[in-house]
Structure formats: structure tokens, C-alpha cells
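Asker: Sequence:
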Amino acid sequence: MWLPFLLQQINETEMRSMGLKITPEDIYSVKEGSLKDAVLIFGGGCTGEVISSQGLVLTNHHCGYGTVNALSSVENDYLTDGFFAKAQNGEIPCPGLSVRFIRNIIPVTDKILDFPASMKEEDKADYIQDRLTVLQEDQESKTNYEVFIRPFFSGNEYYMFLVERFTDVRLVAYPPNGVGKFGGDTDNWAWPRHTGDFGMFRIYADKNNNAADYSPENKPYSPPRHLKVNVGGLQKGDFTMVYGFPGRTSEYLTSDGLNETMNVLDPARIKIREKRLQIMEADMKLSKSNFIKYASKQARVANYYKKWQGELAGLKLNDAVSKKQREEAKFMQWVNQSPERRTKYGRIISDLKAIYESQASDYLQYEYIRECLKASEQIMSASLGIGMLKAMKNGESLDKYPQLLYNQIAGINPETDEKITHALYAMYQDKFGMHEKTNIPQINAVYDASIFRDTSILSNLIHTKDTYKIAKMIQEDPAFETYRFITQENDRIIPMLRKNRGELDALYKNYIQGLREFSSKPLYPDANSTLRLAYGKVEGLDPQDGMSYSYYTTLGGAVRKRNPEVEEFNMPKRLVDLYEGQDFGRYGIDHKGRKDVPVCFLASNHTTGGNSGSPVLNAYGELIGLNFDRIWEGTMSDIYYDINLCRNISVDIRYVLFLVDKFGGATWIVDEMDLVGRHVDSGIIGEAGDIPNKLIKKRKKRRRY
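For the sequence shown, the tail end lands on 705 under the working numbering, and the numbers increase by one without skipping.
Note that these hints are calculated values from the structure, not bench results. Possibly wrong hints are sitting among the right ones.
Claimed, not checked - Distance condition first, Cα-Cα at most 16 Å in a straight line; then the derived EDC-like pairs of lysine to aspartate or glutamate:
#  : residue 1 : residue 2
1  : Lys353    : Glu503
2  : Lys275    : Glu418
3  : Lys316    : Glu260
4  : Lys86     : Glu672
5  : Lys437    : Glu489
6  : Lys431    : Asp362
7  : Lys561    : Glu580
8  : Lys499    : Asp123
9  : Lys236    : Glu539
10 : Lys285    : Glu415
11 : Lys285    : Glu565
12 : Lys306    : Asp185
Given these sequences and hints, build the entire structure.
Answerer: This is the structure:
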């Protein structure tokens, strides 16, 4: 997960040896349009890319799920039925959705860590925070861009990011769940995969091409760079790049940090979410309304439930703790070879171990509070009581609170939420003991008598204007009482964890600096939701004895996997008809003597959450796929990366185009893209429509995909 502006000095030689055909300046430049200007942060933390001169954005189906869920209704169920605009004027505005581009990255380490010589160690954290604030405000005063500064290598380096945000974003194309979520939780984090995990949106700007809030007068945004779309195919061994915004990794954890995850945190998280999902999924089958209310929530909860299972399995399979211990032994051997290094690094491993051991029980309780107690949406809605009490104290109006409550509980089915609350609160009590604010009578009262269970109840109470009565009702409300208990428990634990976090951060800053001195090759910083480039090759793997993963899947495999009686595998009939009629247009390939459409492929790029929606690029920087997942055996890569087991999963761009064109009937969308037909080894370059026959002949000769 390399910083793209450092490719020339760190990575270029290796990348060229693996097949890269363009320059580092083509990938990242601030002087003229480069690939970075086509890559964006989508919504709250996914990645997207611009794939036309008219601001067309491609990202994952699951990245747009919450947005499309909000646009859906029983009458217009875009999740189940999909959506393909018939023309630009049919695109749907997406309130609250924004995209952000990185316009520049500036090193500011020397401006952050310029401590006065007399400064005490305990004062440095406050000094750094002051410097961050001053630098950010100063830069924002000079530009129209948003600015943020991030630490790298645990605070050994700092970089400033200049960001341009666009807030008029509209839905263009979105396949139905039977395509975009095909395989559901069963196939999540798994291979083989047959998911068309994509969605298309469009950025709009004002008449001067500047970012602007939604207006009917806005025009499609004209970007400084957009990606060319390669339909020439790919084969095993091809060089690939993933350009995007990986969210968070902790790859430099010590063996004790790994042990905390393996034996304390992950097992608890898995157990709790399993119970929550059982209830949620059973109730989603009861009605269409319930399905729509919980579809996005279920996907969010299930995603990390399965991820943690794979992470745990991968760490055990790798014997990761023992390997880390051996690496630490080598590091300490190097440390002990020098008195200066012994002074600086000699106690780091043991000091880190002591902190992890001291916080184990409190950290576990913190996770139970987060996963169990805070899972009750009805109880958490009572947090509004805090604001109401403050407002009355300050003589402010309470008129906005019924609408705020509606916003919080509109997506709740009270019966489902009550089942979840009873089950998860019981798990918390089994682990940490009974309490009157989390017992069965209290929970029953929450759903029977709370003023926060219905907006009309709260509205009527507010209309009395009797502030004494309102305050008394809030303070005696069962949901509010339980919410306050949760807050108090959290407040008891968090100061200790925050203190430990500060000590851990200081130790890891020193430890990682030592690792960089010790290592014979450059290290990349942990992911922190900033722009990164990963590179690898198209390749499958043999994850276990007697098991082999091919590097690609096809539509034929998806059709054979379909099962109309199981929601996760209920494929739309139109897609089946297209397959059976061999109606693939220019997107078909020759697969084992039969025409088919490529669906997904594997590559050895290092990815994590946040890389969802990232473009997968070939050696020329052309779009060949859309990253959306990792294989189950490699999910431990967030904390322990093993190139022999880790593979990212991507949708083949030809499947995306096939679905938009042939399935969705939105050929006009494909027509606005710049399609190219080059394959690196074949050297074939031409119009997209001329490509398939030529490539089929090549494949028959060389038996490649």
C-alpha cells in the first residue's frame, strides 16, 4: 500500500520488472492530469473512479447500497429490481452523497515535529495537535480545497492532503440484488465468486465546472482525467495495480497485539454478531417492508462477521503469533548489537506486552458494550434526551426533536429491534453480570412505555411546554435510563483505554522507526484512508492441500450456481436468458470450447476495507476490473499480510459492460466511455467492436483467458 508520489524513488524498478508500461508521473502528478485525478473517495469511505469525460463514476454495488436503499420504496424497489437510467435526464439525485478528489499531497513532517529543544516529552502530543490545527487552518485560508493532515509510520511522518468535494451526485445504473449481491453472505469473502458488484453514478458541477450543491441547472462534471476502459482481456501473470483509499491496517503489530486480536477480540465479536444476524435475517423474511428496512444493516453486520472468521482462521493457519515472535527475536538480536540501539529500542517489546496484558479484560468489555448494548437502535435513539435537557437548560426550542427522532427510528421494526436487544443484552449479562438497567423488565418497558418509541408521543409531550414535566419524563424514561447506563459504563472504561492507546502509539512510533532502520528493504505505512497504490499480478493460488483456485470465473458458473429458492442465489431470469441464448455481444470469450462472459478474477494486490470500488488497472493504466473483496484465507492481511495466501477479488470490466449494455439495455452509458482493446502481451489495439474475434483466435492458439 505505497504512497503514489514516492513510486519513482521506491517502486519503479520492481514495477517495471513486473510489467509496468507507464511512468510514475502518469500515475501521480500535480502538474497535469494523472491517474490520481480519476480516483475518488466515494461517500463515507469507499473508492470510485471516473470512467468518462462526462463525470461518470464507477464504484461497488455495496458502496452505493445505503444510498440506493434510501432512494428505494415498496413501489420503486431499486435494490430488488435494479435501476438503469434511460438517459441523463433520468438520473436520480442522491441527497447526502458526495465524492472527493485528492488534488495535492504535501509533506509537512518538518513543520509538525519541529519541537523546541527544551520541550518535555509529555508536552509533545499537545504541541503536535496545535501544529496540525494551525497548518490546516492556514492552508484552508489560502485555497478553496478542504484540507486534512494524516500521520504515517505511527507519527514518524506527516502529509497534508488538499481535497475537492462534489455534492451533486446522481444514480445512473445499479444492478438488482440478484446480480450486485449474488452469492450474498454465503459467498462473501470467498472464492469462486460470481458477483456483479458495481454501481454507476455521475458527478454534476455548475456551469463553470466547479463543485456545487444540487441544482437542475448543473451539468455533468468534466474531469481533468478519466480512465480508459480496456476490453481486451487479461491472463494469468498480467501486471495489475489497485489505486484507492485503503481504510485501516495494523501490519506492524507485535506478537502480543496479534494475540489480543486472536484470543480476546475476534472470538467475542464473531459470537455476538452471529446471534444478531440470526434474528435479523429471520425477520427480514417476514415482509417486504422489513427486508427494505434491514437490508443495508444486515449487509453491514454480516460483512465483518465473516471477515473476522476468515481473519482468525488465516492467523491460525499462518501460525502468525509464532512467526511474529521469531521476527521480534531477530529484531532484538539486532538491537542488542549496539549500545545506542539498546538504549533506544531495548524495552519496546516488553513494554508493549505489559500494556496488552493490562487492558485485556477492559478491552473485552468495551467490545461487548459496542457490539451488544449499542446494537439496540431504540435504546440508542434515547441519546436525543441529552440534547433536549441541554436545550431546556439554555432556553432553546425543542421543536426539532420529533423530526430528529423520526430520522433515527424510521428504519426500525420495533419487534425485530426488541428481539435483538433481549438476546444481546442477555449475552452481556452472562459475561459481566446482571444490572437493573439491562434486565428483562427494563427492556420490556423500553418498547412499551418509552417516550422515544414514537414521534407523536414525543411531539405531544413537547407541545405541553411544561419543561419540568418534560425533563422529569426524560430522566425517568426506561430507554434513557439504559442509555445513560451504557454511557457510564463506556465512560468508566474509555479513559483507561485512551491512556493505553497513547502509550501504545508512543511505543509503536519508536518501534516502527526501529523496524525501518532494521529492515533491508523499504516499508510502506499502514493504511489510514489516504491515497495508495498496490501492485501485483493476475493469479490464482492453492490455499490448501488438494485445493486450487483458478484465477477467473464465468457467467456460466454463476448460472449453474443459481437457486431461485434461496434469496442469495436468486438470479434474474433475464440474465439466465441472455446466457442460454449466448447473447453476449462484444463481451463474450471462448471458455472451454463454449462462449461465455468473464465475471470475476483474482490478483495478488494488497487491499483492505476502503479499497472497495478501487479501479484495477493494467500495465498501461487502463481499467480492467473493479476491486470488491478478498478471499477468506487472506482476510488476516489487515494485520498480517502473506502474499502466498492473500488475493483480491475483482469484477471483470467486461462483465460490468455486459450487464449495463445487454442486461440493463443502457448502451448509451457504454457509448460515452473510451473503450480500448489492448492486451499487454498480444499487442492488439483497436476499436472495441473489432476485438473479440481477434482475441478468440489468439486464445485458441495460446489457451488463455
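Asker: Now tell me, hint by hint, if it's right for this structure.
Answerer: Against the structure, the hints:
1. Lys353 with Glu503: 12 Å, holds
2. Lys275 with Glu418: Since the Cα atoms of Lys275 and Glu418 sit roughly 13 Å apart, the hinted pair holds (cutoff 16 Å).
3. Lys316 with Glu260: Holds. Lys316 to Glu260 sits at ~13 Å (cutoff 16 Å).
4. Lys86 with Glu672: This hinted pair holds, its Cα atoms lying about 14 Å apart.
5. Lys437 with Glu489: Between Lys437 and Glu489 the Cα gap is close to 12 Å, so the pair holds against 16 Å.
6. Lys431 with Asp362: Between Lys431 and Asp362 the Cα gap is close to 12 Å, so the pair holds against 16 Å.
7. Lys561 with Glu580: 14 Å, holds
8. Lys499 with Asp123: With a Cα-Cα distance of about 15 Å, the restraint between Lys499 and Asp123 holds, given a limit of 16 Å.
9. Lys236 with Glu539: 5 Å, holds
10. Lys285 with Glu415: 14 Å, holds
11. Lys285 with Glu565: The hint holds at about 13 Å.
12. Lys306 with Asp185: Holds - the C-alpha atoms of Asp185 and Lys306 are around 8 Å apart, at most 16 Å.
In this structure, every one of the numbered hints holds.
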